[in-house]
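Enquirer: Line order of the protein sequences matches chains A and B. Just so we're aligned: the first sequence equals residues 0 to 602 in numbering that gives the first Met the number 0. Just so we're aligned: the second sequence equals residues 0 to 81 in numbering that gives the first Met the number 0.
Just so you know, these hints were derived from the structure itself, not from any lab. Here the structure is a predicted model, which is why all the values come from computation and not from measurement. Some hints here could point you the wrong way.
As the list claims (entries may be wrong) - Here are a few chain B residues that sit away from chain A, every Cβ distance over 10 Å (derived from the structure):
no., residue
1, L12
2, V16
3, D27
4, S31
5, P34
6, S40
7, D50
8, F52
9, V54
10, G78
As the list claims (entries may be wrong) - Stretches of chain A that chain B covers, calculated by requiring three or more beta carbons in the stretch to come under 8 Å of a beta carbon on chain B:
no., stretch
11, 5 to 15
12, 284 to 297
In this text, a Cβ means the ideal position worked out from N, Cα and C, and glycines have one as well.
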Amino acid sequence: MQELTVQSGSVEFQRRWRELRDHPGERRPLCVALVGSFTLDTLVPYLGCFLAQRGFAPRFIIAPFNQVYQSLLDVNGVVRSGKPDVVLVLTRLEDLCAPQLQRLATLVPEAVQSARAEAHDEVARLCSALLGFEQVETSALVVGTLPAPVSSPLGLLDGSHPASLHHLVRELNLTLWHTTQQARSMRLVDIEAVLGLLGTERTWDHRMAYLAGCPLSTAALRSLGARLARVVGALFLPTAKVVVVDLDNTLWGGIVGEDGPQGIVLGETGLGAAFVAFQEALLSLRAQGVLLAVASKNNEADVFEVFDSHPAMRLRREHWAASRIGWQSKSTSLKELAEELSLGLDSFVFVDDSATECAEVRRLLPQVTVVELPPDPARYVEVLRSEPALDRMRLTAEDLMRAVAYDAEKARAGAQLAAADLSDPGALRAHLKSLELKVAARRLRTCDVPRAAQLTQKTNQFNLTTIRRSEAEVELLRRDPEWSLYVLEVVDRFGDYGQTGLIFARRADAHTWHLDTVLLSCRVLGRGVESAFLWQVIEDLTGRGVRTLTARVVPTAKNGPVMDFLPRHGFTCDVQDTWSRGPLPGQPFDIDHIASEFSRDER
Amino acid sequence: MSPDALDARLTSLLADVIGASLESVGADASQSTTPGWDSVSNLGFIAAVEDEFGVSILTAEAMQLHSLADMSALLRRKGVTD
Numbered sequence: 000m001q002e003l004t005v006q007s008g009s010v011e012f013q014r015r016w017r018e019l020r021d022h023p024g025e026r027r028p029l030c031v032a033l034v035g036s037f038t039l040d041t042l043v044p045y046l047g048c049f050l051a052q053r054g055f056a057p058r059f060i061i062a063p064f065n066q067v068y069q070s071l072l073d074v075n076g077v078v079r080s081g082k083p084d085v086v087l088v089l090t091r092l093e094d095l096c097a098p099q100l101q102r103l104a105t106l107v108p109e110a111v112q113s114a115r116a117e118a119h120d121e122v123a124r125l126c127s128a129l130l131g132f133e134q135v136e137t138s139a140l141v142v143g144t145l146p147a148p149v150s151s152p153l154g155l156l157d158g159s160h161p162a163s164l165h166h167l168v169r170e171l172n173l174t175l176w177h178t179t180q181q182a183r184s185m186r187l188v189d190i191e192a193v194l195g196l197l198g199t200e201r202t203w204d205h206r207m208a209y210l211a212g213c214p215l216s217t218a219a220l221r222s223l224g225a226r227l228a229r230v231v232g233a234l235f236l237p238t239a240k241v242v243v244v245d246l247d248n249t250l251w252g253g254i255v256g257e258d259g260p261q262g263i264v265l266g267e268t269g270l271g272a273a274f275v276a277f278q279e280a281l282l283s284l285r286a287q288g289v290l291l292a293v294a295s296k297n298n299e300a301d302v303f304e305v306f307d308s309h310p311a312m313r314l315r316r317e318h319w320a321a322s323r324i325g326w327q328s329k330s331t332s333l334k335e336l337a338e339e340l341s342l343g344l345d346s347f348v349f350v351d352d353s354a355t356e357c358a359e360v361r362r363l364l365p366q367v368t369v370v371e372l373p374p375d376p377a378r379y380v381e382v383l384r385s386e387p388a389l390d391r392m393r394l395t396a397e398d399l400m401r402a403v404a405y406d407a408e409k410a411r412a413g414a415q416l417a418a419a420d421l422s423d424p425g426a427l428r429a430h431l432k433s434l435e436l437k438v439a440a441r442r443l444r445t446c447d448v449p450r451a452a453q454l455t456q457k458t459n460q461f462n463l464t465t466i467r468r469s470e471a472e473v474e475l476l477r478r479d480p481e482w483s484l485y486v487l488e489v490v491d492r493f494g495d496y497g498q499t500g501l502i503f504a505r506r507a508d509a510h511t512w513h514l515d516t517v518l519l520s521c522r523v524l525g526r527g528v529e530s531a532f533l534w535q536v537i538e539d540l541t542g543r544g545v546r547t548l549t550a551r552v553v554p555t556a557k558n559g560p561v562m563d564f565l566p567r568h569g570f571t572c573d574v575q576d577t578w579s580r581g582p583l584p585g586q587p588f589d590i591d592h593i594a595s596e597f598s599r600d601e602r
Numbered sequence: 000m001s002p003d004a005l006d007a008r009l010t011s012l013l014a015d016v017i018g019a020s021l022e023s024v025g026a027d028a029s030q031s032t033t034p035g036w037d038s039v040s041n042l043g044f045i046a047a048v049e050d051e052f053g054v055s056i057l058t059a060e061a062m063q064l065h066s067l068a069d070m071s072a073l074l075r076r077k078g079v080t081d
């Protein structure tokens, strides 16, 4: 079936939505609550279709028209009692503050002043309702900025007069932005940016406001549906981890093997600047934690000369996490890069200007996301940025560190090669000792919650039970005295791995605790770190009077590496998949090569 | 377009918008007699008619549109005949 786009006709959306709604198939169920100061029923077919195209089977809860506060605050209302996965809140100043806007339009100075103050109060009230909601609910909360009105009662005066409506909207949006900075999980969507793409005149259809309480045109509903589906996708689907780029006619114009390193199109002006802009866009992805890699059919010497000495290059060799430059097929290069980086091909985005190369990768490696660049390099940046696989609604400290962490990993791999034969236990021990591993375990704090949720979502291999949790769910467990949540940080002499492990334990009875979650990022496996972590947890629980630790392993297609974790650490299998270790602490583990510390500080 | 052809196009457009089979929507269909043709889908129908016939419908006109006969008459007044 052809994918629907923002260009597709509205009837097509209505028809397709009915089919998709009634046939969820294998798609992932998702409950979406729409809370608006205007009618949002008309958004459903568009948002529904776009979500379905991202693999969701959405079900909608629509809050009563213009009951934003009630919907957020009333435990028994349709929104909160429905326990949606995500709540989308869209409001307009015209609805929130209709009487104040009338007073603003009188232009009487005192009236203008009090109307502005009341509008600020109103938005402050909205913000506290939003913060109150996210404190107690597990749903993801996504809030749209206030869209600018199509026109102002002041006409051209609006630009500079104290009663300016547009300026008031900007101030209030700034308040929303400040609120997001102190929020735990609330995310803001810049509605202005979405509707701005369409143009204000095409956004509003005031007939619809008078007829049905929804002032948005069908074109605006399409754009909004598409953008909100990307937002929801970024919240619930994994972000790509690697972008693999071609070189000739992708990072620069021309073919370096024919035109020579100085003959390529790349510079600060003209068409060359389009390639510079594209390189900068790639660097900004790297800053967000995406790894960059190269797959190019070229001579290495030519390529290195460009990277090392072309004055307009923004990307340098040190920015690559890995590269394949040679004459093999792109699909072979991608498979090798996945191997080298220990990452699945489903987390790869491949960028190339050649339709042939893109077709080859699509055919042989359907799990890779392919971005086929358009003929005009001036459009490269926009095409890259419109790829949903690269969308992200949150940045963790680990995301910010990732590129640096992989540089350290390259150094570690080098050290490992330099070490003696590692199948000899003595040499392995010497190698591990040379890494100067340090692990720090501690109870989870509020600030660790986003990363912890991300680890439960993304860790597939070393994961005992593979229970996925949202930030709100982790936060609830963190506050529950029946649970103890531990996080692990690992450092070695090459660098900081950041937070790479979690253990969640739940009280079963006075002397028995149960390991609900044990997971470690694959980056730190094979170094005894998991043993050191478990030992810290055992010591902490023992100190609190716990005598027995139980655990359960849930096999999945991917968690083979965790299968020997329990027997390797002195757990015995009682019945079926249930294991236990006791009396605690029991026999210590072989972790002499690791310096461990534990902090009880929970803050 | 003959009046019959116009009505046939409107009928099929409405069936598409409200997700009904063509047979279940007669030329005499109205909002009160057609399940699924509510105020929200009526807006969808109006938008679809505007796209399909290249006309612009005023708010006051839209408020009076409750049946296929209403729509057909409105389009004819706007000169949609062929």
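Enquirer: According to the definition I'm using, a residue is off the interface if its beta carbon is farther than 10 Å from all beta carbons of the partner; does L12(B) meet that for chain A?
Expert: violated (7 Å)
Enquirer: Can you confirm whether chain B covers the stretch 284 to 297 of chain A, using C-beta to C-beta distances below 8 Å and requiring at least three such residues?
Expert: Contact hint for the stretch 284 to 297 of chain A vs chain B: violated, 0 residues under 8 Å.
Enquirer: Was S40(B) rightly flagged as not at the interface, with every chain A Cβ beyond 10 Å?
Expert: Incorrect as stated: the minimum Cβ-Cβ distance to chain A is 8 Å, not above 10 Å.
Enquirer: Minimum Cβ separation between D50(B) and chain A greater than 10 Å?
Expert: violated (6 Å)
Enquirer: Would you assess whether G78(B), listed as outside the interface, keeps its beta-carbon beyond 10 Å of every beta-carbon in chain A?
Expert: holds (20 Å)
Enquirer: At 10 Å, judged by beta carbons, does V54(B) keep clear of chain A as stated?
Expert: Consistent with the label, V54(B) stays out of reach of chain A, its closest Cβ about 13 Å off (over 10 Å).
Enquirer: Just double-check V16(B) for me: nearest Cβ-Cβ distance to chain A has to come out over 10 Å.
Expert: violated (5 Å)
Enquirer: Verify the coverage statement for the stretch 5 to 15 of chain A against chain B, using a C-beta to C-beta distance below 8 Å and requiring 3 or more qualifying residues.
Expert: holds (count 5)
Enquirer: Please verify that the nearest CB of chain A lies beyond 10 Å from F52(B)'s CB.
Expert: holds (13 Å)
Enquirer: Run the C-beta distances from S31(B) to all of chain A and say if the shortest one exceeds 10 Å.
Expert: holds (17 Å)
Enquirer: Is the Cβ of D27(B) more than 10 Å away from each Cβ in chain A?
Expert: holds (22 Å)
Enquirer: Is the nearest Cβ of chain A still more than 10 Å from the Cβ of P34(B)?
Expert: Consistent with the label, P34(B) stays out of reach of chain A, its closest Cβ about 13 Å off (over 10 Å).
When each numbered hint is compared with the structure, violations occur for hints 1, 2, 6, 7 and 12.
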